[in-house]
Amino acid sequence: MKQGDVVVIKEGVKHWHGATKDSWFSHIAITKGTSEWLEKVTDEDYDKLGK
Numbered sequence: 023m024k025q026g027d028v029v030v031i032k033e034g035v036k037h038w039h040g041a042t043k044d045s046w047f048s049h050i051a052i053t054k055g056t057s058e059w060l061e062k063v064t065d066e067d068y069d070k071l072g073k
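Here the sequence shown is numbered in the working numbering, starting from 23 and rising by one per residue.
These are calculated hints, taken from the structure and not from any lab test.
Warning: the hint list may mix true and false statements.
[Unchecked claim] As a list, the in silico BS3-like pairs of lysine-lysine whose alpha-carbon atoms are at most 25 Å apart:
1) Lys-24 with Lys-43
2) Lys-43 with Lys-62
3) Lys-70 with Lys-43
4) Lys-54 with Lys-43
5) Lys-70 with Lys-54
6) Lys-70 with Lys-24
7) Lys-62 with Lys-32
[Claimed, not checked] Pairwise CB distance ranges (calculated):
8) Ile-52 with Gln-25: 14 to 20 Å
9) Lys-36 with Glu-66: 23 to 29 Å
10) Val-30 with Asp-65: 28 to 34 Å
Quick reminder that beta carbons are idealized off the backbone N, C-alpha and C, glycines included.
Using the sequences plus the hints, can you model the full thing?
What follows is the structure, encoded as structure tokens:
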């Protein structure tokens with residue numbers, strides 16, 4: 023993703039709001055409903071990002 027990109031996630035699609043260790047991430051999320059928090063991302067899975 024690049025600055026200014028707009029991403030639309032359809033209802034019911036599992037996705038993650040976050041960044042890799044060597045980058046930053048800032049966003050605004052607009053939803054008509056409530057959030058459903060899923061499983062915690064493990065350190066092992068997080069360390070695999072960006073590889």
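Against the structure, the hints come out as follows:
no.: 1; hint: Lys-24 with Lys-43; verdict: holds (17 Å)
no.: 2; hint: Lys-43 with Lys-62; verdict: holds (16 Å)
no.: 3; hint: Lys-70 with Lys-43; verdict: holds (10 Å)
no.: 4; hint: Lys-54 with Lys-43; verdict: violated (30 Å)
no.: 5; hint: Lys-70 with Lys-54; verdict: violated (32 Å)
no.: 6; hint: Lys-70 with Lys-24; verdict: holds (21 Å)
no.: 7; hint: Lys-62 with Lys-32; verdict: holds (21 Å)
no.: 8; hint: Ile-52 with Gln-25: 14 to 20 Å; verdict: holds (18 Å)
no.: 9; hint: Lys-36 with Glu-66: 23 to 29 Å; verdict: violated (19 Å)
no.: 10; hint: Val-30 with Asp-65: 28 to 34 Å; verdict: holds (30 Å)
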